[in-house]
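Please build the complex by placing chain U on the supplied structure of chain P, with the hints as guidance.
Just so you know, the sequences run in chain order P and U. Here this note's numbering is used: the first residue of the first sequence is 1, the next is one more, and so on. Here this note's numbering is used: the first residue of the second sequence is 113, the next is one more, and so on.
A few of these clues could be false.
[As the list claims (entries may be wrong)] With a cut-off of at most 20 Å between alpha-carbon atoms, the simulated EDC-like pairs for lysine to aspartate or glutamate come out as follows: (1) U/Lys169 with P/Glu94; (2) U/Lys167 with P/Glu2; (3) U/Lys183 with U/Asp140; (4) P/Lys68 with P/Glu94; (5) P/Lys37 with U/Asp150; (6) U/Lys169 with U/Glu134; (7) P/Lys22 with P/Glu5; (8) P/Lys37 with P/Glu56; (9) U/Lys130 with U/Glu174; (10) U/Lys115 with U/Asp163; (11) U/Lys169 with U/Asp150; (12) U/Lys182 with U/Asp138; (13) U/Lys115 with U/Glu134; (14) U/Lys167 with P/Glu94; (15) P/Lys42 with U/Glu134; (16) U/Lys130 with U/Glu191; (17) U/Lys165 with U/Glu181; (18) P/Lys68 with P/Asp27; (19) P/Lys37 with P/Asp59; (20) U/Lys169 with P/Asp27; (21) P/Lys57 with P/Glu94; (22) P/Lys58 with P/Glu83; (23) P/Lys42 with U/Asp150; (24) U/Lys167 with U/Glu142; (25) U/Lys115 with P/Glu39; (26) U/Lys169 with P/Glu2; (27) P/Lys37 with P/Glu83.
[Said to hold, decoys possible] Sample of chain U residues with no beta-carbon within 10 Å of chain P, all distances over it, derived: (28) Ser119; (29) Leu123; (30) Thr127; (31) Gly128; (32) Glu129; (33) Lys130; (34) Val131; (35) Lys165; (36) Ile172; (37) Glu174; (38) Tyr176; (39) Arg185; (40) Ser187.
Derived from the structure by calculation, the hints contain no laboratory data. Even glycine gets a Cβ: it sits at the ideal position worked out from N, Cα and C.
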Amino acid sequence: GENVEQHPSTLSVQEGDSAVIKCTYSDSASNYFPWYKQELGKRPQLIIDIRSNVGEKKDQRIAVTLNKTAKHFSLHITETQPEDSAVYFCAASEDTGNQFYFGTGTSLTVIP
Amino acid sequence: DVKVTQSSRYLVKRTGEKVFLECVQDMDHENMFWYRQDPGLGLRLIYFSYDVKMKEKGDIPEGYSVSREKKERFSLILESASTNQTSMYLCASSVDAILQTEAFFGQGTRLTVV
Numbered sequence: 001g002e003n004v005e006q007h008p009s010t011l012s013v014q015e016g017d018s019a020v021i022k023c024t025y026s027d028s029a030s031n032y033f034p035w036y037k038q039e040l041g042k043r044p045q046l047i048i049d050i051r052s053n054v055g056e057k058k059d060q061r062i063a064v065t066l067n068k069t070a071k072h073f074s075l076h077i078t079e080t081q082p083e084d085s086a087v088y089f090c091a092a093s094e095d096t097g098n099q100f101y102f103g104t105g106t107s108l109t110v111i112p
Numbered sequence: 113d114v115k116v117t118q119s120s121r122y123l124v125k126r127t128g129e130k131v132f133l134e135c136v137q138d139m140d141h142e143n144m145f146w147y148r149q150d151p152g153l154g155l156r157l158i159y160f161s162y163d164v165k166m167k168e169k170g171d172i173p174e175g176y177s178v179s180r181e182k183k184e185r186f187s188l189i190l191e192s193a194s195t196n197q198t199s200m201y202l203c204a205s206s207v208d209a210i211l212q213t214e215a216f217f218g219q220g221t222r223l224t225v226v
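Isolated chain P (complex conformation) (with noise of 0.2 Å):
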């Protein structure tokens, strides 16, 4: 089965800095790799998804890349604010079953 790795398990930034977390994945049929955040007390939500057809995607101050090759994806978050400070997980996902294989997660701190 897949084995989704991640690091750094937790990181602290001052506002305003740029924050980058790493995945990597063990199957190469993975081809679906979501991000979520999960703030205290609450549940994990989707912010951004990449599929392998696309090496980057970015929406406003968070971007997420892709090298197929490699098998690693990458989620960076550039002007962090205190409202980014959360649980960070990302996950791979194939299109034969739609499990997701979840990584342990970056707890990301902004400080103001």
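Chain U alone, transformed into the frame defined by chain P:
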């Protein structure tokens, strides 16, 4: 707006009790999932279902069973609760394998087994 609703936000149960966690989604999604969330371990898949009465084991099915009698409802059953099943349980649903869209999560049930 997709809604995934879990029946309880907090539960406290005794060791050995049979525990039912209920999840309902209102968007006619094919797939439903049960995850367990523990610090440092992320989201681990317990069971998932891709159709009514169909179920597949995830990564950590031991001690759990599931039921999907209706498309909108997916129940997680702890046959005999143990203290190591104290955790946050998250239900999720998604459209289907072909469309391959995001998973929508419920608000979670924090279960404490004493």
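For this session: Take a quick look at whether U/Lys169 and U/Glu134 sit within 20 Å of each other, Cα to Cα.
Result: holds, 18 Å
Problem set entry | Satisfaction of hint between U/Glu174 and U/Lys130, Cα-Cα up to 20 Å | holds, 14 Å
Exercise. Would the pair U/Lys183 and U/Asp140 pass a check requiring their Cα atoms to be no farther apart than 20 Å?
Worked result: holds, 7 Å
Exercise. Under the criterion that the straight-line Cα-Cα distance not exceed 20 Å, is the pair U/Lys169, P/Glu2 satisfied?
Worked result: Holds, because 14 Å separates the two Cα atoms, which is no more than 20 Å.
For this session: Report holds if the minimum CB distance from U/Gly128 to chain P is greater than 10 Å, and violated otherwise.
Result: Given a closest Cβ separation of 29 Å, the condition holds.
Problem set entry | Pairwise hint evaluation, P/Glu83 against P/Lys37, where the allowed Cα distance is 20 Å at most | holds, 11 Å
Exercise. Is the straight-line distance between the alpha-carbon of U/Lys182 and that of U/Asp138 20 Å or less?
Worked result: Judged against 20 Å, a Cα distance of about 12 Å means the pair holds.
For this session: Hey, is U/Ser119 genuinely clear of chain P, shortest beta carbon separation above 10 Å?
Result: Holds, since 15 Å exceeds 10 Å.
Exercise. Is the nearest Cβ of chain P still more than 10 Å from the Cβ of U/Thr127?
Worked result: holds, 26 Å
For this session: With a cut-off of 20 Å on the C-alpha distance, tell me whether U/Lys169 and P/Asp27 pass.
Result: holds, 19 Å
For this session: May I ask you to check that U/Ser187 keeps its beta-carbon over 10 Å from the closest beta-carbon of chain P?
Result: holds, 19 Å
Exercise. Since U/Lys165 was said not to touch the interface, does its Cβ keep a gap of more than 10 Å from each Cβ of chain P?
Worked result: holds, 17 Å
Of the hints listed earlier, there is not a single one the structure fails to meet.
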